[in-house]
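K.L.:
Okay, here's what each chain looks like letter by letter:
Number of protein chains: 2
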Amino acid sequence: MALGRPRAFDIDTALNRALEVFWSKGFDGASLTDLTDAMGISRPSLYAAFGNKEDLFRKALDRYKTEKMAYINEALAAPTARTLAERLLFGAAAMLTDPSHPVGCLSVKGAMTCKDDSLIAKEELDQLRQSFETSIIDRLTRAIADGDLPPDSDPVVLQRFLGTVAMGMSLQASQGATAADLMAVARMALTAWPALR
Amino acid sequence: MALGRPRAFDIDTALNRALEVFWSKGFDGASLTDLTDAMGISRPSLYAAFGNKEDLFRKALDRYKTEKMAYINEALAAPTARTLAERLLFGAAAMLTDPSHPVGCLSVKGAMTCKDDSLIAKEELDQLRQSFETSIIDRLTRAIADGDLPPDSDPVVLQRFLGTVAMGMSLQASQGATAADLMAVARMALTAWPALR
DNA sequence: CTACATTCATACCAAACGGTACAGAAATGC
DNA sequence: GCATTTCTGTACCGTTTGGTATGAATGTAG
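Chain order of the listed sequences is F and H. Quick note, in this note's numbering, the first sequence goes up one by one and the last residue is 197. Quick note, in this note's numbering, the second sequence goes up one by one and the last residue is 1197.
Please keep in mind that the hints were generated in silico from the structure rather than gathered at the bench. Please read these numbers as outputs of a predicted model, since none were measured by experiment. There could be a bad hint or two in this list.
The following residues of chain F were derived to be distant from chain H, with all beta-carbon distances above 12 Å [what the hints assert, rightly or not]: (1) Ser-45; (2) Lys-68; (3) Leu-76; (4) Ala-94; (5) Pro-99; (6) Pro-194.
Among the chain F residues that face chain H by a calculated CB cut under 8 Å, a handful are [to be verified]: (7) Ser-24; (8) Asp-28; (9) Met-112; (10) Lys-115; (11) Met-167; (12) Met-169; (13) Met-188.
In this text, a Cβ means the ideal position worked out from N, Cα and C, and glycines have one as well.
Given these sequences and hints, build the entire structure.
P.N.:
Structure below.
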């Protein structure tokens, strides 16, 4: 075992609690008191284990990315562009309204509620979003080459449409929309997807 | 003229400045120092003229509603459901990226950045959104009766789709999307609109 | 048992927050 | 000129913010 007094809390569950607080209150909205209360630890313990508030947010975001945004990677692995769109929108509808965690999207709420633009966490959120965007655009351009999308379709516009609907669903979920509500929105959005004729 | 020492600032332009600050920083993100600096007045002058911070936000929201959300009422006055959808989405794309004021939507940014749920301003934002939603739903149900929409279409779903896309466009604008970008999204969303066959 | 390393709890810090007390300044009414 | 009314500027209030100094507590290594 490591030297010194052992840590009295589980660092993994504490991070999960922090993630929930950031997720439901945003970055600025989550005070250190909110965080330490939810995590069941004191301020110095938090700083010793995670760094400052921004570091903690970044670590929570990492966990969020790998655990809660997995549906995006599943969508990227879809065999066709159509199934990519389906998995993305249906997956978003399901995740955003999953009752086992706060509603909405952490990256949306987090980016909106931090006042300082020079915040490193905000840049990281931008990077995260942009990487997903370019991945989707690349996949859709490949779909055109595969004859999987009409040759005159614009991958950038298609991606932006998907992103717009997904972000809009996040706000809808924050305002109380149910999973069924968002599924209906996803179904309607998919009727705008270009058909192979 | 009224009794007492005259006010040294124009109450109307001061409110416009306050609106811009709330619009770009959100409710919590806008500090009293930000507000008084932008309005060019001192704290006591602000409180004497507008009440507290929440009252000021509400008055700024009133102005926003009548001046910047006029396109929604124009959409509601459209002759057909199809033109309603067009005016709503194209109008949103234009307003959200208008360079003469902050990008995005005040009601989205304002609702997201106030931590206290018991805030009266937040309830007012909810009311505002709900009133627009029911107005659109009513208009769309009337459109079905008019034979203006297929009889099997669901006005609630159609409204939620429009609201989702509009809110998503607000976030896209906040992240730097141009007017042309949002117009393309609006055009694609409109291809999901039910056709009369 | 002692030395060492690490965590814990208390108590504190400066800064920023929303909001206000108070006195002086500028107008009107008499 | 004088009382009254209203606004302005300064200086302040208590609370909350993110962040930390400090010493006791608790473990391992010798």
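K.L.:
Which hint numbers doesn't this structure obey?
P.N.:
Checked against the structure, the hints that fail are numbers 6 and 7, while the rest are satisfied.
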